[in-house]
Amino acid sequence: MIWLGIETSNSPLSIAIVKDGQVLVEIVENVKLTHSVTAMPTIQELFHKAKMKPMDIDAIAVSEGPGSYTGIRIGVTIAKTLAWTLKKPLVGVSSLKVLAANGELFNGIICSLFDARRQNVYAGIYQGTDLETVMEERHTSIDDLLSQLQSLNKPVLFIGSDVENFKENIKEQLGELAIFAPSSITLPRASKLIEVAETKSLPSIEEVHHFVPQYHRLAQAEANWIQDQKKR
Amino acid sequence: MSDRIILAIETSCDETAAAIIRNGHEIVSNVVSSQIESQKRFGGVVPEIASRHHVEQITIVIEETLEKANMQPSDLTAVAVTEGPGLVGALLIGINAAKAFAFAHNLPIIPVHHIAGHIYANALVQPMQFPLLALVVSGGHTELVFMKEHGSFEVIGETRDDAAGEAYDKVARVLNMPYPGGPHIDRLAHEANEGVEFPRAWLDDTYDFSFSGLKSAVINYKHNMDQRGEEIIPEQVAKGFQDSVVEVLTTKTVRAAKEFNVKQVIAAGGVSANKGLRSSLEQAFEKEKIPFTVPPLKFCTDNAAMIGAAATYMYEAGVRGDLSMNGIPGKELKSWI
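So the protein lines, in turn, are chains A and B.
Residue 216 in full-length UniProt numbering sits at position 216 of the first sequence; the count goes up by one each step and never skips.
Residue 123 in full-length UniProt numbering sits at position 123 of the second sequence; the count goes up by one each step and never skips.
A few of these clues could be false.
Not everything, but these chain A residues come out facing chain B in the computed CB check (under 8 Å) [to be verified]:
{"hint": "1", "residue": "Tyr69"}
{"hint": "2", "residue": "Thr70"}
{"hint": "3", "residue": "Leu86"}
Since the hints were derived computationally from the structure, they do not count as laboratory data.
We put the beta carbon where it would ideally sit given N, CA and C, even for glycine.
All chains should be built: construct the whole structure from the sequences, respecting the hints.
This is the structure:
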């Protein structure tokens, strides 16, 4: 079973090809380049290094969000197009779960998060090596997230390059219970994405057309429109 | 020479479109998925909404295009895609789909300028005669483009503020018409015998255009009437506005056609679907005895067939993109020869 993994949901880029559970090639970049420019050349380069052709893969895993709207769409568009035209199943994995998977050996609660600005975050809470969901991934205020974590009263591993933005707040709320992941595991890895994807059942090829990003937020215009409708 | 078969993709604004074009003029299949129903809610195109719809539709539209053509990827010569100008988030969906498809099937990729596409929509109707003058009028563009030959573009005039289509949409809003407003204004204008007198922006001897003053004049007129407690007659406002736009566009296009001594004049872009503008240009060039063509309505608005037509000539000229190509929202129209 050969997997291609594509992770472009935030500013880091990661692409991997994994064969029968073995990572053949993987790239993890954090140089803030445009995914639209770098993602496809990187995919081409990895196929070349793995001495493979596009048709050789059996399935595609993509990070489906949340994160940067444009970033998610670039990964999802590439993954959808490849899966559809090569007739391979496409598996989506939450970008928060991909990140949490970097801390799966931690004995406690794992919280992965991305900064969603204005003191809001996209966050997920998991525990155990099988990343059991403690809180569904969502868009929430940092304060609500921290009070929920506080109520669990267990050590929490925070993962994500945006954790830095909330460090003081986290320490204040959770004190000794807060543990911060080292920077070497704060970047999402496409090999981890594939690992999580492999635990899911493979969808049928027909489902590729209906694959959509998980933004976890309405577009502003749509949210406003819904508000207006309610007022009427 | 073997057939040149191009799969073209266009997602620069609010239409997800794909087409297959054989030898630059034969439309093998042409699919357009419009978002108008969704975008109507917001009274215009919301970029984030446009991008979200594109990612939902893109593979469905490309598959339908291949199925209607009864073709496999192996039948294709190249993949073409709109590189810009347009909404960047929207462009990126078409571009990344095109790159992934091209990579999967080892096909060359051709980056196409959206306006070159609108101009080449005419190649789907009949061969273009050079030297040629193109009037490009749409929601985002108002340009006079001189072409010495295939792939040679010289923008001799352009709008200094609003595009003609943009002015149409804004005036439609003043008249409480739904989005997109152009067709409504066109229809209303034909229902009036007399129009309200609005100014024309001639901008001296240039081929440039300006529509923001006209737009303000319409808004002021409505405002003054409201203040006096008088009702406006929408038909007369629409006619007055349309007469002003059409007269300026026609006069400048005729003058440029004579000065550049062209063999053909073409109209392109969404506003060239406007009946008032079409008939004015047709009459003017009949009088001047210069051949004038305008593509059928469905090729005036955004579509991928026109992108495929332009791409065929680019392919012949050796133009190729690569997997690192990006969306260029403000891309300039440049010659490819």
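Worksheet entry | List of violated hint numbers, smallest to largest | Per hint list: zero violations.
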